[in-house]
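There are 2 protein chains.
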Amino acid sequence: MNITVQKFGGTSVADTDKIKNVARRVSQTRKKGEHVVVVISALGDTTDRLVGLAYEISPHPREREMDMLLATGEQISVALLSMAVNELGYDAISFTGAQVGIVTDGAHTKAKILDVKVGRILEELEKGKIVIVAGFQGVSLDDQITTLGRGGSDTTAVALAAALKADVCEIYTDVDGVFTADPRIVPEARKLERISYEEMLEMAATGAGVLQLRSVEFARNYGVVMHVRSSFSEDEGTWIESDERMEKAIISGVTDDSGEAKVTVFDVPDRPGSAASLFAALSKANINVDMIIQNVSEGDRTAISFTVGKDDLRKAKEISEAIARDLEAGGVTVDEDIAKVSLVGAGMRTHPGVAADMFNALAENGINIEMISTSTIKISCVIPARDVSKAVSAIHKKFGLDKGVVMRA
Amino acid sequence: MNITVQKFGGTSVADTDKIKNVARRVSQTRKKGEHVVVVISALGDTTDRLVGLAYEISPHPREREMDMLLATGEQISVALLSMAVNELGYDAISFTGAQVGIVTDGAHTKAKILDVKVGRILEELEKGKIVIVAGFQGVSLDDQITTLGRGGSDTTAVALAAALKADVCEIYTDVDGVFTADPRIVPEARKLERISYEEMLEMAATGAGVLQLRSVEFARNYGVVMHVRSSFSEDEGTWIESDERMEKAIISGVTDDSGEAKVTVFDVPDRPGSAASLFAALSKANINVDMIIQNVSEGDRTAISFTVGKDDLRKAKEISEAIARDLEAGGVTVDEDIAKVSLVGAGMRTHPGVAADMFNALAENGINIEMISTSTIKISCVIPARDVSKAVSAIHKKFGLDKGVVMRA
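Listed in order, the protein sequences are those of chains A and B. 1 is the number of the first residue of the first sequence in the numbering used here; add one for each residue after it. 1 is the number of the first residue of the second sequence in the numbering used here; add one for each residue after it.
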């Protein structure tokens, strides 16, 4: 059976007119003979509205009840989309996550998918129906309603595509695909036709907001071909698939992220275990640390800097200050006026000199680099926040990303 | 285990302040040592808003999808109420109808309860938790979400009380209980302390809006003691229980109903089967006929009058006209300007003369009776709509209902 999974986000189903538009899109695919499974998010601002109600009632609502509440958002969407598809003369049926058997662990508000049961979906697809599944939600082994956390609907779509062995998992969004840089910053940025999972992972991790990291990881692990495209046009978007299938560009794109802040613990006694105690405490508090730098020590003292999401900054500062006291360090400073620019490309594995070119591009524009971190296919630099547009444009130009795909030698 | 089931309607949970009020009420009962199961409806106008969205999308949404949509209303309420109870320091847990196992048939939008599984509720009650269950909804044997139709939350509450062998099923509402007449019409109307299932059934069937017929039937069939009371006061309301337990009043109350219209098929050939063919056709169209009168025939012709809900009038008229043509009757007239006044009381079984007194009360006030129908504990008269207030007041006074309970001799 040829199956296409199509995922539409909250902005694509913000009102009843937009829902009708999605219904047309879905029906067109069915008309071409494909079997279609649709995953959708809650209508526009529904989730925010529900969260607002919860906080009117309690400053710390239990996560189990929060999941009970939030799961209604997607249930409303799937029922309405199903009605809209039926109205166009196609046969649709909607399901909650629990009904189709999106089985998760019991970690409310950030559950992980353990299993996807596809029997019920296949049964309805065989009858010719378009199956519409609530994204973002599942059911735990003890029959509690769970939600998957941010970007959960993308993950639902990819997990269903994997379990159904779908031809493709189409992610519909309000942009045309994945770009070589944010087009709001670099007007010459080009849409990428294809990108590998690894590169997409690095791009998502370094600021490309079009896809959530988790869904790309899931797609890579299960070999699901993804296609990121616009809900408002028929054009092809960006295909995300395994490295082997594609011609290899040296560089895929430049990303930027202004969502992090830098914390520095200074005058730390340079003893084994200092860094370990700091990062163990942060990890215990569930704080995600991104970049870490430890200075070359001056005498018997050193400084440790790291970046965290701005949301976690207050907590990270408190913890760092406590640890600084324990270690008898000098103190803690924080800097929120930073940005991270990153260059991603599978080709840099085999092309030395990419890092040097990137640093040069920044230096030529008088931009100071505060931190550097590298992986085999990515280089990230922390720079002052005010320089982020200039930096992205300079790097984009330096690597000729505006001129077309730079192939590997 | 002492269990109290408490049901709150949509007006009791219209906003977050009202939800907090319900949480206090529920917690007080728990504090007294009772185990509490709460059944609630959707917040205020949520259901209307969802229905509005559905009709923006489709003039005839499928009933299965309608149930999927509407069931979210109660799910939102139970999650929020659970948060509010937790906030007060009591332990609460919310469930959908499907989760607790309110098993229904597959008749979407008007499903009937087949079975109630109480294992999961009892387990949570034993842990000391307040269990909050979504009213109005269930799950069919093939795992579809269903809703119970109008007044469904009352039925959920009574069904749970029966299955849990609860001490009482408290129905909280915005009035103080069941009255001898509508207090907006008769200011002297008294709140009834007790009423039998049979009388409550007749009162509900003839216009007392405080309880839905189905829930009272369910309570009678399973011997569930109901207590109708105000969510805004601590006063006792009206207890509804079996006839044997109470002293017997001759008359319980006067009800009125302006929701019906009268249809008359005139000049019907007086042959066997004429009436049968008419009412068979109406029943096939799912139209609920209330009162029926066939005139004494004049020569070989007769007239058949019946009342139906105003919602069904258009359809009832069309069907009657078709049947009238088949029967070669004279034609069909309709009258929407009617009202039904009814007198309900278990004592009238053994007290002849009640009907005569009622007719006299109407005659003394110059009110014309158009139709009469009786049961063993009820007399209903159809009168002109403009006379309804005068009629209710006159009957209420005639039987001394303002003066206190009239006991059987």
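By construction, these hints were calculated from the structure, which means they are not laboratory data. Hints may contain errors.
What the hints assert, rightly or not - Among chain B residues calculated to face chain A with C-beta under 7 Å, some are:
1) E56
2) S82
3) D337
Using N, Cα and C, we set each Cβ at its ideal position, and we do this for glycine too.
Each hint tested on the structure:
1. E56: 4 Å, holds
2. S82: 5 Å, holds
3. D337: At 38 Å from the nearest chain A Cβ, B:D337 fails the 7 Å test, so the hint is violated.
Taken one by one, the earlier hints fail for this structure only at number 3.
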